[in-house]
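Student: Chains A and B supply the protein sequences, listed in that same order. Sequential numbering from 1 applies to the first sequence in the numbering used here. Sequential numbering from 1 applies to the second sequence in the numbering used here.
Incorrect hints may appear among the rest.
[To be verified] The calculated label-pair distances, taken between Cβ atoms and stated as ranges, are:
hint: 1; chain 1: A; residue 1: Ala99; chain 2: B; residue 2: Gln50; range: 37 to 43 Å
hint: 2; chain 1: B; residue 1: Pro107; chain 2: A; residue 2: Glu251; range: 49 to 55 Å
hint: 3; chain 1: A; residue 1: Asn105; chain 2: B; residue 2: Leu82; range: 33 to 39 Å
hint: 4; chain 1: A; residue 1: Arg128; chain 2: B; residue 2: Gln50; range: 30 to 36 Å
hint: 5; chain 1: A; residue 1: Ser108; chain 2: B; residue 2: Gln50; range: 35 to 41 Å
hint: 6; chain 1: A; residue 1: Ala107; chain 2: B; residue 2: Gln30; range: 41 to 47 Å
hint: 7; chain 1: A; residue 1: Arg184; chain 2: B; residue 2: Gln30; range: 40 to 46 Å
hint: 8; chain 1: B; residue 1: Gln30; chain 2: A; residue 2: Asn105; range: 38 to 44 Å
hint: 9; chain 1: B; residue 1: Leu86; chain 2: A; residue 2: Gly66; range: 48 to 54 Å
[Unchecked claim] Covered stretches of chain A, going by a simulated chain B footprint (3 or more residues, C-beta under 8 Å):
hint: 10; segment: 109-117
hint: 11; segment: 473-486
These aren't lab readings, by the way, just hints derived from the structure by calculation. For every residue, glycine included, the Cβ atom is placed at its ideal position computed from N, Cα and C.
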Amino acid sequence: MTERGYAMPMRSQDTGRGAAVRSFLSKSPPAAGRSRLPKVLTGIEGFDLITMGGLPAGRPTLVCGGPGCGKTLFAMTCLVNGASQYGEPGVFMTFEENAEEVAANVASLGFDIAGLVAAKKLAVDYVRVERSEIEESGDYDLEGLFVRLDYAIKSIGAKRVVLDTLEALFSGLGNTAILRAELRRLFAWLKVRGVTAIITGERGDGALTRHGLEEYVSDCVILLDVVAHEQVVTRRLRVVKYRGSAHGTNEYPFLIDDQGISVLPITSAGLGHEIDEGIVSSGVPGLDAMLGHNGFYRGSSVLFSGGAGTGKTTFAGIFADAAARRGERCLYFAFEESPQQIVRNLRSTGIDLQPHIDAGLLRFEASRPSTYGYEMHLARMNRDIDAFDPEVVVVDPLSAFRGTPTEIHNTLMRMVDLLKARGVTALFTRLISTQELHSGTDQGISSLIDIWIVLTDLEIAGERTRGVHLVKARGMNHSSQVRQYQLWDGGIRVIAGAFSGHRKPSAAPVLIASGKPAAKPKKSAKKSRR
Amino acid sequence: MTVPGSGVPNAAPQGPGGPDYVLRLFITGQTPRSTTAIANIRKICDEHLQGRYSLDVVDIYQHPEMAVSAQVIAAPTVVKMLPEPLRRIVGDLSDVDKVLVGLDLRPQKQVPP
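So here's chain A without its partners, still in its complex pose (with noise of 0.2 Å):
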């Protein structure tokens, strides 16, 4: 994990940003020589990628899970995309609200069912099942459901199928023998009807659906969950099982709001990113000429870690500001402070953020870290940065997330990757006491980061001095020296040459008279013009 990127051959061109999943797929379409698995896209963001093309054409795909965990919207949103974005009409058929109510469900998601239904793009038939009603005498199939799906998908020449939730026949008809000799009559028929079917099912005690579904639908199982750990919930979807495809194995986090199902691919990143070598200023000049390149390079993350009051969200916004200054669009993640707050603080040295806001060029996206666990804050910033398609991403700060080192790393590690995949310069900050900083509590965070910078504040004859320094920078031939920076209401001067502080707050140890590091000698006389 040290060595993350630079083993790969450097490339300058733009890495295109929010390029995951459409590099990915225009990599994965059937390969020559290769006869792949008709797929289907879900257009649920982070799904296709996991199953390197969505759902298998033309097949039955069973999603299970317990109450509550969104395998109705799972459906929908896939019948509603095909519908609306791949020209895939699809029919929706419900056992267990009325057309009225469904359409209510997904409305707060932006689905507007009757607009598709009038334009025969979806035809959605609730199945009444009502126990008290019927009386069973003697033998009878489920033909009267054939039918009425026949007759659906007839009538607007549907391509998806989502039935939601068939188990609702067992809790209304009696005999289970006939049920499940109709099921496998009616997934086979699906099949031959050539039509993506997407059956949802309530998942069972030790075993995935609670009347075996699974036996019937082998073609692709997925499994929704819903895990609340310490009050903080979490959604993860996994690929049970996918006949004929590779797929991801994991359990992926996702995400349910407004803006409908997304699905943090974790392990799709990798460090397959390309490179830039391009430059991106700090804001900061007296920093920029720390670091060797006059800035830090394009799609690298930097980490600013110091204690309290060294003006962490200070260097971030000002690098805010700088990105939005060039043009660059910079997404803000704050989780201590509000937006409003960051801003206000900020004009104080004389940094305004507002009009960067005003023009666009600058979106916070604030959160308490509490409010959603790591993965759903991972798949949470996954669609935000997808969304806003940003060069420059800040977050402020890091050590607002709680939890045992290798959650935090983990967490990290994929926060990392999916901004680099993405060729995004990417700012975090870091809260560290003095303690800490020695212990060195931080390494394990470091090998994630390419640039390192330690803030330091130091109590020099009864004045608080604050430092900085280059903890490292990879593919820099950087200062090692602490200097000493002011915040003042032109924003951040750092003052050139070594300071001489009674404390030295790292391993980087600095020769006062020359300014040439001691412990670099090799590195050249450049060093000690800065």
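With chain A fixed as given, assemble chain B onto it according to the hints.
Tutor: Coordinates of chain B only, in the frame set by chain A:
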């Protein structure tokens, strides 16, 4: 679709408003099960509802939209439209007792001695 001869009340309706029992049988074409169901429901009606019923037979292959509007799932299905409450009896109607329970002609909790 109404099977010839079955769409009209089998006897003169009692009362001013028409027959007491309005039944609709949904079948699937000419399958043996459909035929059995038609024969069974006629027999039961003639024995128990003489002159008090009307029976429509609908082939859902011909009229799928009627399967939708009548909420038919299984075939064959007899729907008792009137009198209230609405009831559905699914199957080939070979179990006469169950049909009578479904038509509210016999109390549900009758246990043979």
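Student: If a hint holds in the structure, say so; if it doesn't, say that too.
Tutor: Outcome of the hint check:
1. Take alanine 99 of chain A and glutamine 50 of chain B: their Cβ atoms lie about 41 Å apart, and the range 37 to 43 Å holds.
2. In this structure, proline 107 of chain B and glutamate 251 of chain A meet the distance hint of 49 to 55 Å, their C-beta atoms being roughly 53 Å apart.
3. Distance hint check for asparagine 105 of chain A and leucine 82 of chain B: the Cβ-Cβ separation is about 34 Å, which falls inside the suggested range of 33 to 39 Å.
4. The hinted window of 30 to 36 Å between arginine 128 of chain A and glutamine 50 of chain B holds, with their beta carbons roughly 32 Å apart.
5. Checked against the hint of 35 to 41 Å, the C-beta distance between serine 108 of chain A and glutamine 50 of chain B comes to roughly 56 Å, which is inconsistent with it.
6. The hinted range of 41 to 47 Å is satisfied by alanine 107 of chain A and glutamine 30 of chain B, whose Cβ atoms lie roughly 45 Å apart.
7. With their beta carbons about 25 Å apart, arginine 184 of chain A and glutamine 30 of chain B fall outside the hinted range of 40 to 46 Å.
8. Look at glutamine 30 of chain B against asparagine 105 of chain A: about 42 Å separates their beta carbons, and that is inside 38 to 44 Å.
9. Distance hint check: the CB atoms of leucine 86 of chain B and glycine 66 of chain A are about 33 Å apart, inconsistent with the given range 48 to 54 Å.
10. Three residues within the 8 Å Cβ limit are the bar, and the segment 109-117 of chain A against chain B gives 0, so the coverage statement is violated.
11. Counting residues of the segment 473-486 of chain A whose CB falls under 8 Å from any CB of chain B gives 0; the rule of at least 3 is not met.
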